[in-house]
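Position chain R relative to chain Y; hints supplied.
Sequence order for the protein chains is Y and R.
Using my numbering, you'd call the opening residue of the first sequence number 1 and step up by one each time.
Using my numbering, you'd call the opening residue of the second sequence number 1001 and step up by one each time.
Derived by calculation from the structure, the hints in this document are not laboratory data.
Be a bit skeptical, because a hint or two may be false.
Derived DSS-like pairs (lysine-lysine); straight-line CA-CA distance at most 27 Å [unchecked claim]:
#1 Lys1335(R) with Lys55(Y)
#2 Lys124(Y) with Lys1231(R)
#3 Lys1334(R) with Lys55(Y)
#4 Lys1095(R) with Lys337(Y)
#5 Lys1008(R) with Lys388(Y)
#6 Lys1231(R) with Lys337(Y)
#7 Lys1127(R) with Lys1008(R)
#8 Lys1334(R) with Lys386(Y)
#9 Lys20(Y) with Lys1335(R)
#10 Lys388(Y) with Lys1439(R)
#11 Lys389(Y) with Lys1436(R)
#12 Lys17(Y) with Lys1334(R)
#13 Lys1231(R) with Lys389(Y)
#14 Lys1428(R) with Lys23(Y)
#15 Lys1335(R) with Lys2(Y)
#16 Lys10(Y) with Lys1335(R)
#17 Lys386(Y) with Lys1232(R)
#18 Lys23(Y) with Lys1335(R)
#19 Lys1255(R) with Lys17(Y)
#20 Lys124(Y) with Lys1232(R)
#21 Lys388(Y) with Lys1232(R)
#22 Lys386(Y) with Lys1439(R)
#23 Lys1008(R) with Lys386(Y)
#24 Lys1007(R) with Lys386(Y)
#25 Lys1397(R) with Lys388(Y)
#26 Lys389(Y) with Lys1232(R)
#27 Lys1231(R) with Lys386(Y)
#28 Lys17(Y) with Lys1428(R)
Have a look at the derived ranges for each label pair, beta carbon to beta carbon [said to hold, decoys possible]:
#29 Leu1400(R) with Ser213(Y): 54 to 62 Å
#30 Pro1343(R) with Phe356(Y): 43 to 51 Å
#31 Pro376(Y) with Thr1015(R): 53 to 61 Å
With the C-beta cut set under 7 Å, the calculated list includes, among others, these residues of chain R facing chain Y [as the list claims (entries may be wrong)]:
#32 Gly1101
#33 Phe1105
#34 Ala1313
#35 Gly1339
#36 Arg1342
#37 Pro1343
#38 Thr1353
#39 Cys1379
#40 Asp1430
Don't be surprised by glycine CBs; every beta carbon is placed ideally from N, CA and C.
So you can see what is in the structure, the chains are spelled out below.
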Amino acid sequence: MKFIADIFDKSRPLFEKDGKLAKWHPLFEATESFFFIPGLTTRADAHVRDSLDVKRFMSFVILALIPPFLFGLYNAGYQSNLATGASLELLPVILKGILIVLPLVIVSYGVGFLWEILFAVIRKHPISEGFLVTGLLFPLTLPPTMPLWQAAVGISFGVVIGKEVFGGTGRNILNPALTGRAFLFFAYPAKMSGDTVWAVVDGAKTGAVDAFSGATPLAIAGLVNIQEKIEAVLQAADYPFVKLLLGLYPGSIGATSALLCFAGAAVLVVVGIASYRVIVGGVLGVLATGYLLNFFAADTSSAWLSLNPFYHLVMGGFAFGIAYMATDPVTAPGMEKAKWVYGFFIGMLTVLIRVFNPAYPEGIMLAILFMNLFSPLLDHIEIRLKIKKRVINV
Amino acid sequence: MISIHSKKGFDLPITGSPLPETSSRETPAFVALLPEKMPFVKPRLKIKEGHQVQVGSVIFEDKRNPAIQFLSPGGGMVQEIAFGPRRVIKKVVIKLDAEEGRVAFSRFTDSQLEDASRASLVEAILKGGLWCLFRELPFGDIPDPETAPPSIIITLDSREPFQPHPAVYLEGKEDLLAAGMKILEKLSAAVHVSIHKESDMPTGLSDGLVTHRVSGPYPAGDGGVLLYRTKKAPEENRAWCIRGQDLLLLAELIKTGRYPVERTVALGGSLAREQLHVSTRLGAPLPYIAGEDTGNPPRSRYIVGGIFRGYTAEKDSFLDLYATSLTILPEGDKKELFGFARPGLDKPTRSRTFLSSLSKAPFTVDCGLHGEQRACINCGYCDDVCAVDILPQFALKSVLADEVEESLAHGLLDCVSCGLCTFVCPSKIDICAVLKGAKADYYEEIR
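Bound conformation, chain Y alone:
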């Protein structure tokens, strides 16, 4: 322990004001603060401070992301082996999953950090811990077949345009990870949607590939004919509700297991990192919209209208998005009632996009980005209402 401290103490002069590497001070600082909470003391009042800092705050999000991440790793391997007819036993599946997912995560962190460091050095601001979360969130929203160079382009766009041009973590208006994903979605649609991107197929035994359908439940549901029931079609395609909940089906790497995502959300709410208002609001938005559409369902209308709203909660990326993306405090509103509205509209828009916009099988990404834009307005409205009630003091 002492020797680590010594390394930092010895190299510190190099990075200080007149040192040779003074430019790279943010990098030094970030590295050091990863190992040590620096012994800074309070200067102004409130002599005593809470032990919680941003690093711990973000670490908890990462902690809550670990279960979906590990499951996503397993699932990516499983779907790949299923498609190629390889062994479905635990070990080969996990090895395969590691081969698929780890490069994406490494590229995401590596390229993203490069941009972070570049901006921190040029703009002379500390490297924020916010990226630790972005760097893991981003690959988990991608299909497992994503080419690495495209992932690199995506995270670059997310970090630079989604965050750094606004001044870095805390000043961005859009969720950086989702901004990156949205960029890929529109720039390389062939690699972001369709039936072939959700499982890595390489070195397949002949025949096995043809038998495997890589379609996601949402894609299947999108093709259901009028007068058929989506629930029944999904059942027939071997996607019963429980399977959708547990998540062993093709989809974005980390987003398939609604159960683990909701569990992660519960952890974040219990420790007070994520706002339950956004999450509960989102779930209510999905259910309310779903039931409302049920109300309008007729024999001749789209099968989507009559879908049991609970399917919306477990299909696709809604659970992942509402648990980890919508609750990003920077891009969500800060006011309590505004958070309810924000969550509710995310849920509602997700369902509306799925049901009424056949061009996009999934709606959560656009719903969150859209509501990100509205969160300042929601805050503004609630603040005005609140201020009106105050006794003026000038």
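Using the frame of chain Y, we list chain R on its own:
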């Protein structure tokens, strides 16, 4: 009695709380006045080094209103007048004589007090040098004696760690408190006395004195919070505040005609040699209150005025006129390996991200920042603890953007500077200091 509940806030349970018993110290060799610590006052000295003074001699006056005077807390020779940067007068040190002379002031018997006019009382308080104990909301300046306040709020216990327990400093002085109330009733139409529901009160205190019983976490006991919870119209904003112990000084001056010099100080903190109440003199040296040699213990911090609102005092400094609290805490400047990933069984926190949040045991706190400053991530923790609902995260941003109107609309002036927003901030932003600075700047502009 009106019950008021203030829901937001936070009680930080910490070790080193002063016991409810009083220890008396012998008379110190020196006492001092600290003009630097008087809010907004522009001091004009009336004495020079080497002058003889008595208890109650004028040491300096406020250039803005020379009627507001600051008197000597001791009799003896002016030993030293110390200046700081930009000629700010840091301290006026008086070497005490064995036999201290005293200036006599006009005194009021009970019946005289009944019939006294407002003007005569104001004059007596001004002459007696204690007008500065009144503080006018929202800026905390010393009020203009000519104006009549909408109300005067007496706060008996702010419950900030650590301030003297009312049960200790009021013990045996219930009569003085009642006399003080009489004086205030002459000064203002409305006098509010607030105590906290959980405060220990001396048994002799009659219930009729108290007008408001507040409940809720710190800073529920603060006068500004009481005003925020009770006010109905903007005219009530300029209320005056006075703390219970200061009111006792005022009453003593009026009743006895002597300048009071006694102070009960709460001595606490994990590094204090003893944790109790110290009965001492106004302006006593801090090490003497702490029972330490100067500079001890090493790597410790002397905090005068509570851990949230107080200031760091040099270890050879003295008690300022308003100070009723000395807390000695470790500096907390040690690095911690992988601190962000530790379970944190003993880490002081309001959040639920450390295992310590599962236990009710008091924390041992230090003055460490426990992290580094980052940009605001809009987590809203500051709003969770803001007792006057000014939405600190938004008010902070409007202040930083120079949107004065906007920050005022948020209720910047209702801010009681409780320091909790700064305490909870995971980005380690000095929110309270920024808001306080903005408030002071605004005051400079309008007055």
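Notebook entry, point to check: Against which earlier hints does the structure fall short, listed by number upward?
Noted result: 2, 4, 7, 8, 19, 20, 31, 32, 33, 34, 36 and 37
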